[in-house]
Amino acid sequence: MHSKQLYQEVILDHNKKPRNFGALDDANRRAEGHNPLCGDHITLTLRVQDERIEAIAFQGVGCAICKASASMMTTNVKGKTVQEAELLVQEFRAMATGKLDTQTQPHHLGRLSVFDGIKDLPSRVKCAILPWHTLHAAFTAEAVASTEGDAEPMKSIVGNV
Amino acid sequence: MSTQPILNKKDSAQALDTACIRADFPILQRRFDGKPLIYLDNAASSQMPQPVIDRLVRYQREEHANVHRAVHHLSELATAAYEQARRTIMGFLNARDEREIIYTRGTTDSINLVMHGYGRAFIGAGDEIIISALEHHSNIVPWQMLCQEKNAKLRIIPMNDAGELLLDEYAALFNERTKFVALAHVSNALGTINPIREMIATAHKWNVPILIDGAQAAPHLPVDVQDLDCDFYAFSGHKMCGPTGVGILYGKAALLEKMQPYQGGGDMILSVTFEKTVYNTIPYKFEAGTPPIAAAIGLGAAIDYLIGLGIERIAAYETELLNYATAELSALKGITLIGTAKHKAAVLSFEIDGVHPHDVGTILNDEGVAIRAGHHCAQPVMKHFGVPATARASFAFYNTLAEIDALVEGIRKVQKMFA
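Keeping their order, the protein sequence lines are chains A and B. Quick note on the numbering used here: the first sequence kicks off at 1 and runs consecutively. Quick note on the numbering used here: the second sequence kicks off at 1 and runs consecutively.
One should not assume that every hint holds.
What the hints assert, rightly or not - A partial selection of chain A residues facing chain B, derived with a Cβ cut-off under 8 angstroms:
1) Leu37
2) Val61
3) Gly62
4) Cys63
5) Leu121
None of these hints come from the bench; they were simulated from the model. Please read these numbers as outputs of a predicted model, since none were measured by experiment. Cβ atoms here follow ideal geometry from the backbone N, Cα and C, with glycine treated the same way.
Make the full structure from the sequences, and use the hints.
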């Protein structure tokens, strides 16, 4: 696949002007995500009240795919319940690893499906998944999420996809 | 593509005929999405010319058997070819003796062999090992492991912001506890060519043996181990037009003789009883088990191919590629070159302002341009320059100026996309 299809305006825009960029002062959940292979590193802070995400912010360095994925993730999960967000984590991972066809199968990803093309760039899948992996870690009280080792996103976390 | 003459110099009769050379490399004729492959990831692995492919096929079709074992025809043919390749490699390095050439799985394996065979036998608590700030992980981690095991200490030669080692500081690291030096000939991430001849002499003033990691040098520069006087020299087959799975460790015979074996098994013994094993002589003492016979013979063929082109001419042509690429990239706005040493091999690491190297790599791939993006197994180098990763174009003698133009055009596209 051509990366031009992936690097659409929306991804380039979120990379350039990331939404919810920063750290929450009154966060009650926090997690770090790290991809040691390319140096992508993000920190998520969340305020979760009665199982609902009231606020979320991210900080860090990474490639355009990682940054845009994090930015769009924050705009998409804000206001959702933890359960709804976890469903998006599962669906996003399934899409990125080619297990969910967003054209033919039902999903709740909406505009997040711009990341559909990542499944054809295996070396970049981790970049897109890292923020979602980190979000899951924030819910499950893992302090640090990594794309390597036991925390390998291609084989672990969030149940069956 | 790229069949136009490459060099316009008056002495072009002396220069490489790149069009002719490119025809030797079937993979360079490949196209992806209709675009010709522009392979600029040679520091990671180089491509294989038809004569080497043919040699591998001929070996498998006509000569394959295990070496040093049977008395039948095939085993004798395989052994002869395997040992002939060893002599080719000896000549390539100008070693004194073919017993000084050990087949390994690659540079990493060669370094680990020295760590186990020499390091574990002769380095102890409180001793010091010197490595440099620009090493590949494969010349850091084995020594770290040894230091942990023996409670020895790792000392690091610092570098400046051009990526050049500080020689005064290097000399100042030596003391009576210094027992070993392990040093890259050429940095894979920065391209720096270290002044190893001088640095080897410094180590020898202290009677300290020194290993040179030549993975990035052997394919691109003339190497004469007697002139350099290094104690060990390690390199890989697949970075010099040979197959993966084979590498070389050169070691001075006197050192190899007193080292302990690396792995135990067949071929590395003279006699075995349950009470005692007598080890084979060098180099076989270090070649336990069935070696990568085909790959070794292929490496011999690759070296014959490189010698046929002329290592000096390869080096001169690649310097021209590097100079051209450096000038072209320097002329672009928003590009930072990482690694600007005065003496460099054809490796160009760079950053595009505001664009992560992985995005650069993915977008260049669409233009058919294959580069490496990442930390290049040299995380301490990345840390020194304060970057998580770099984009790296690395050239070989089959690359052309036109391909560098395509790289530059691709970089412009990346910049436009992220503007």
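- List of violated hint numbers, smallest to largest: Violated hints: none; all satisfied.
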